[in-house]
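Chemist: Chains as they are written, first to last, in this note's numbering: chain A, 5 to 287; chain B, 359 to 663.
Calculated from the structure, these hints are not laboratory results. Remember, predicted model here, so these are calculated numbers, not experimental data. Hints are not guaranteed to be accurate.
Okay, the calculated bits of chain A under chain B, using three or more residues with CB under 8 Å as the criterion [unchecked claim]:
(1) 126 to 139
(2) 143 to 157
(3) 220 to 230
(4) 257 to 266
(5) 269 to 277
Glycine included, every Cβ here is placed at the ideal spot set by N, Cα and C.
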Amino acid sequence: MIAAGPPPPSRPGRWGLRAGALILLLLGLLSVLAPVLSPYDPTFESPAGLSALGEPLDPGAAGHLLGTDPKGRDLLSRILHGGRVTFLAALVAVAAATVAGLTIGMLAAFSAPRLGGLLMRAADIGLAIPGLLLAAAITAVLGRGVTSLIVGLAGVFWAPLARVTYGQAVVIRQRPFIEAARVVGAGPLFTIVRHVLPHVFPVVVAYAALSVGWAALFESSLGFLGAGVQEPTPSIGAMLGCCLIFYRSHPGLILFPTLYLGVLVAAANLVGEGLRRPTEEGR
Amino acid sequence: MTRYLAGRLGSMVITLWLIATAGFILVELIPGDPARSLAGPSASATSLESIRQAYGFDDPLVVRYPAAMARLATGDLGYSFSRSEPVAQVLARSLPPTLLLTALAFAAELAIGIPLALWVVSRPGRRADRLLVAAAGASSAVPAFLVGLILIYLFAFQLGWFPLGGAASARAYVLPVLSLAVPFGLVLARLLRTTLLEEEDQAYVAFALARGEPPWSVRIRHQLPNALLPLFSVLALDFAGLFSSVAVVEVAFSMPGLGVDLFNALRRLDTALIVGIGLVGGALVALVNLVADVAVILVDPRARR
């Protein structure tokens, strides 16, 4: 049997992109409306939220759709608010990392080779430090809270984004139309903004979309390790970290936050992959 | 080769130096008294003073920075107040089990990823092929410690086949290794599937098949070595991710190692230990990247030029 040509690559295609975007939009809406939708204050430790034995309530208990956590707080309200913290932190951190990565990557590709080399060396080091350790160290040093969580995540994600930007910019730099632009007298800044950036941007945005999912995963691992946001602020990671010991007696405490996380990450992956495909086929 | 190695070692030293500088800056950034955060909340005035002396927190930055680097160069990573022993001693005890788990997980990742990719490529476009792509995507949407928890729940708690945690016996390693190797192995298989398919069109494949070599043998003997090569640097970078996941899985399975140290250090805000673990992790990843690059050169004559 002669090997048949490349198989039809399985791809979610455009419906994947649309579905992912729709889910992200929905999660965004849930985040914005969290205060309205939540039946309780997510930090309210209700005495009625615990059973007579002081155990968390199971899902379906009266007034608590998903039950309560070990402190008697309504789980649904905590997931809505915690999801908002995780989603927003991931979004803001990746947005900041994208701006930083894009700037550094472009600067590295179009500045003097020596400076460019130095910048990429720095990005390599950012890639070399295990991200979780770096983010944990940053949040530990800055003190726990949403802001330091965002700084910690951005501190991890700028490096790969700078690498992606640089890799793409170097390819575009050698294309004939860049030479053509130079020949007709376009200045370097004009060339970069009008001719290079439009080719770099889609690739970076696709990678950034993937990074949002990874950042959310990071947040959950950080929370699990006990870094990141501070009690009583809910976040998906903090909820997983606090309630891990209850996974046998009250699996819902782990299951529901994980479900939220899985949906968020999967949607971000769908969007990222959906955006990446056309840019790859164009080359 | 020697020159290349010297250059790479040189750049590794620079990397370590920059990581150490990052650690130094982090400690400097701590709001409030850095001596206090290094000594812990219950430190006495005299021990605070001795730390201030040892680290020279009263000195200007230009004196402190070289002194800090000199201390690191001699292997002095500071003192962990939460463990009441030098950071270097904590790390020396915790590094071997973590390395063992990482190595086992990496080996299992290869053992899962490579055969899976070979099998899937032999049936292009079939259900298994599509399933792999989907499974790799799904497994990267769940953190490794949750995979671990699911495994604990099913195989340790429900079925009782394996211990719930710890590292007392070889059986205790099965679930943690699996919870790392399955997601990473699936992602590896997906990457390898792509590079294997890229080799499919090469003339040497058509020739080997025309010579009458069975397709499975062509795939293993000819396509696989070529398809693995571009993955070396990817795998090395992936090692940083694997190392992070190992730390978390250690905590989930309550196995001794750097992960549990980090977990406790974060709880107690033991800055010296946190930064020390970061330094060791960074150094390890830098070393693995170096090894991977050298391995490519040893394996692939084309890369030698």
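Chemist: With reference to the structure, classify each hint as holding or not holding.
Modeler: Taking the hints in turn, this is what the structure says about them:
Look at the segment 126 to 139 of chain A against chain B: 11 of its residues bring a Cβ nearer than 8 Å to a Cβ of that chain, three or more, so the hint holds. With 4 residues carrying a beta carbon less than 8 Å from a beta carbon of chain B, the segment 143 to 157 of chain A meets the three-residue requirement, and the given coverage holds. Requiring three or more residues with a Cβ within less than 8 Å of a Cβ of chain B, the coverage given for the segment 220 to 230 of chain A holds, as 6 such residues are present. For the segment 257 to 266 of chain A, the stated coverage by chain B is satisfied: 4 residues place a CB nearer than 8 Å to a CB of that chain, which reaches the threshold of 3.
With 4 residues carrying a beta carbon less than 8 Å from a beta carbon of chain B, the segment 269 to 277 of chain A meets the three-residue requirement, and the given coverage holds.
Taken one by one, the earlier hints all hold for this structure without exception.
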